[in-house]
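Taken in sequence, the protein lines are chains B and V.
Plus 411 on top of the position in the first sequence (first one is 1) and you've got my numbering.
Plus 262 on top of the position in the second sequence (first one is 1) and you've got my numbering.
No lab work stands behind these hints, which were simulated from the structure alone.
Remember, predicted model here, so these are calculated numbers, not experimental data.
It is possible that some hints are incorrect.
[Unchecked claim] Below 30 Å or equal to it, Euclidean Cα-Cα: the simulated DSSO-like pairs (lysine-lysine) are:
id: 1; chain 1: V; residue 1: Lys474; chain 2: V; residue 2: Lys787
id: 2; chain 1: B; residue 1: Lys445; chain 2: V; residue 2: Lys474
id: 3; chain 1: B; residue 1: Lys465; chain 2: V; residue 2: Lys700
id: 4; chain 1: B; residue 1: Lys434; chain 2: V; residue 2: Lys700
[Unchecked claim] Computed footprint of chain B on chain V; a stretch qualifies when at least three of its residues, placed anywhere within it, have a C-beta under 8 Å from a C-beta of chain B:
id: 5; region: 307-318
id: 6; region: 869-882
[To be verified] So, partial list: chain B residues that the calculated Cβ filter (under 10 Å) puts toward chain V:
id: 7; residue: Asp414
id: 8; residue: Phe417
id: 9; residue: Glu423
id: 10; residue: Glu442
id: 11; residue: Glu466
id: 12; residue: His476
id: 13; residue: Phe477
The beta carbon of each residue, even a glycine, is placed where N, CA and C say it ideally should be.
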Amino acid sequence: MNDKIFVCRCEEITIEELRMCIKMGFTSFNELRKILRVGMGPCQGRGCRELVLKEISKATGVPVHFLSVGTFRPPSKPISFGQIAKMNVCDVRIFESQKNV
Amino acid sequence: MHVINDHPILKFERGRKVQFYHDGKLMEWYENDPIAVALQANGVKILSYSKRFHRPRGFFCAIGKCSSCFMRVDGLPNVRTCITPLREGMRIETQHGIGEFLEDTPSDVIDQLGQPLIVETEVLVIGAGPAGLSTCLEAADLGCQVTLVDESLELGGQLIKQTHKFFGSSEDFAGIRGVKIAEILREKLIPYTVSGKLTIFSNTSAIGYYAKEDVVLCTQGEKRIILIKPKAVVVSSGAMEKLIPFSGNDLPGVYGAGAVQTLMNVYGVLPGKKVLMVGAGNIGLIVSYQLLQAGVKVAAIVELAPRVGGYWVHASKVQRLGVPILLQHTVKGAVGEKQVEGAWIQQVDEEGRFVGAEKFVDCDTICLAVGLTPTVDLLWQAGCEMVYVADLGGYVPKRDWTLRTSNPKFWIAGDASAIGEATTAMLEGRIAGLSVSKALGKVSESFFKNKCEEYWTRLNELRMAETCERLRKGLQFALSGNFPITVQSSEEKSQIFNEETYADAFDKRTVQSIIPPMDLWKKRKGGLVIIECPQRIPCDPCHVSCPTGAILPFQNINDLPSVDYSKCTGCAMCVAACPGLACFVADMTGEQAILKLPYEMSPIPKEGNVVACLDRSGRELARSKVRKVQEPRRDRTFVVHVQVPKELVMLVRALKVIEDE
Ligand code: SF4
Ligand code: SF4
Ligand code: FES
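If we strip away everything but chain B, and leave its shape as in the complex, we get (with noise of 0.2 Å):
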């Protein structure tokens, strides 16, 4: 059988990775984005949010409305520095909030 459990496919983070961090006392989904990178694929944690919060929620018994569901920054799927290049400096402008990612 094939053996990993992915709860993130995008960075490849598999529920033993996620459930030990939870173990280590990582519980919030800011933390464990930054320690893991879940939810910081190409898909922005689409796919992966939810099952994080409820691996948290189980192991902490809080439940999931509860939680903090970490910051969403713009844009939300990746996008070509070609395609930023192209832009109007004016407009370049809205991207600097994003400096500090």
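Starting from the known structure of chain B, fit chain V with the ligands onto it as the hints suggest.
Same frame as chain B, now just chain V with the ligands:
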């Protein structure tokens, strides 16, 4: 071998055949179909290798949402091949790891990127599914300047892959197939695009909202940026298939149910030859039926819950064609190195623990229909207040009765607001369109109020079905503010239906309650109707189609049909109209009984063909010759007359054409 040529419902209009290269190998497929479809048709399932474990990857959602289908196309990396159209001479390459430009990427790849476009509009509608298209219709009709962006190549969202007839009220679209509804909506939009009231950008993803600059960033076909400055935004971006954890859940061949539908019903390409369906909600049941129509075997449907979540009539449609529904079972692992070659399933107990032996299922596709997650990224970015409501599919925005979110610039409609049916999505779209028009000052307060209440009344009625219980519960947490009309709920339960009764276990009491009165039945030439529709669902075509009024009017759209047998002539119009294929006619006046059965499979039988007569769980009970084949509504639902022994009349419910051996 991966291509459908003969389909009972659909005809595939394919464009021009073009040649392209996959990793240097010359292949052929039709222009403008998505690249991932062209590859699947050529037997290519692996699109990329993952960056960490170098695992093979195929597509998953096929609607541009999951980014699982990245490849390098003409030198450009990270192209979502499921929504990028095929062109003559394209060079398509398997992507390894994170997409990178090759060192020798010709500079013209970068130069091909179009100039950004800035668009100002009154209303921006994101997503052209049933909700989005209805929003456009309403808003444009009320005088708004509307811009519609949609990720796919074809407008209509999930409607364009629905071969089944819709439930709901005949006033709306009940009894019409989803594909046809998409056509109708698109046609209705034409006058507005001609007059310039409506601008459409297809193959365009809205990927970011920048509050400070108040602009929505979109990319068209990965190649051009469009910046949209709207006065109001309606998010009708639909939903994405959920992934569940099981080993090998990233293998090519593990597909979302929507992806399977896109592949086979929009483009006529098969996902595989034998499918394990995970989930017995309406989507799992409907897609299983559609797989059978496309000639694919469905090995089994597994469902974690102790009951079928979808409509009873949908479940019995697939069961009588021999597909087992295994309740309290789930998929444990996918087998295969490069792609799915089988699956392990296992039973679970009430607490979700695995019990009993693992069972192997021979299949090449695992189709996930375990629920949908609303696509709400933009609403998060816009700072809308969000709530997690499991009954609605996950995180959804709080909204008031006009479907406006806590960010006064944003409205929602359809699956993005709560996972539901296309019929209710269309009504929500109407409400959102009306509501933005009101906010933009296009309509008066009283006009708005009356119309909105009318839409809500219809919406509530549709949501009174038994199967909508979770949705009704969930909505209480998502609706905020004053509500001028009451959200009705009905705790009324069907009389004869209990949750464990599904087709396999159609109990004696239920059968008794649907047998026509014997003394009349023996005499009535033409036969009498038998209706097997024991669950309260929003649906009325049986009544509407009956020319004699034998099927009595519905007080409430969710009522069970009741019959005045004295009026029934056995004409079988209801057999052809019922979207649940739950009406049958039996003529008992002859030596043997004549059964008139609905039929939507391939091949279409001809008079004199020998067919196998199947019971409610697909077992063959007898063989018989076809007496007659009719197509009363000219809509590809056939009524097939077969002769069976009288004692089988309450048992035979489907037939299978025996191909010449
Ligand atoms: S068989 Fe004809 S008359 Fe009888 S219920 Fe159906 S539509 Fe009405
Ligand atoms: S019998 Fe009537 S109510 Fe039941 S599914 Fe068919 S058309 Fe709908
Ligand atoms: S984005 Fe292409 S398969 Fe999901």
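Going through the hints against the structure:
For a cut-off of 30 Å, the pair hint linking Lys474(V) to Lys787(V) is broken: about 74 Å separates their Cα positions. At most 30 Å may separate the alpha-carbon atoms for a hinted pair to count; Lys445(B) and Lys474(V) meet this at roughly 26 Å. Simply put, Lys465(B) and Lys700(V) have alpha-carbon atoms about 40 Å apart, too far for the 30 Å limit, and the pair is violated. For the proposed pair Lys434(B) and Lys700(V), the alpha carbon gap of about 51 Å is over 30 Å, so the pair is violated.
Beta-carbon proximity to chain B at under 8 Å applies to 5 residues in the region 307-318 of chain V; the threshold of 3 is reached and the given coverage holds. Only when three residues or more bring their CB closer than 8 Å to a CB of chain B does the claim for the region 869-882 of chain V stand; here the count is 0, and the claim is violated. Interface restraint check: Asp414(B) against chain V, minimum CB-CB distance 6 Å, threshold 10 Å, status holds. The interface hint given for Phe417(B) holds, since its Cβ lies 5 Å from the closest Cβ of chain V, which is under the 10 Å cut-off.
With a cut of 10 Å, the hint placing Glu423(B) at the interface with chain V holds, because the nearest CB-to-CB distance is about 4 Å. Hint status for Glu442(B) relative to chain V: violated, with the closest Cβ pair at about 18 Å, above 10 Å. The closest approach between the C-beta of Glu466(B) and any C-beta of chain V is roughly 9 Å, which is under the 10 Å cut-off, so the hint is satisfied. Checking His476(B) against chain V by beta carbon gives a least distance of about 4 Å; that is within 10 Å, so the hint holds.
For Phe477(B), the interface hint holds, since its Cβ comes within 10 Å of a Cβ in chain V; the closest pair sits about 9 Å apart.
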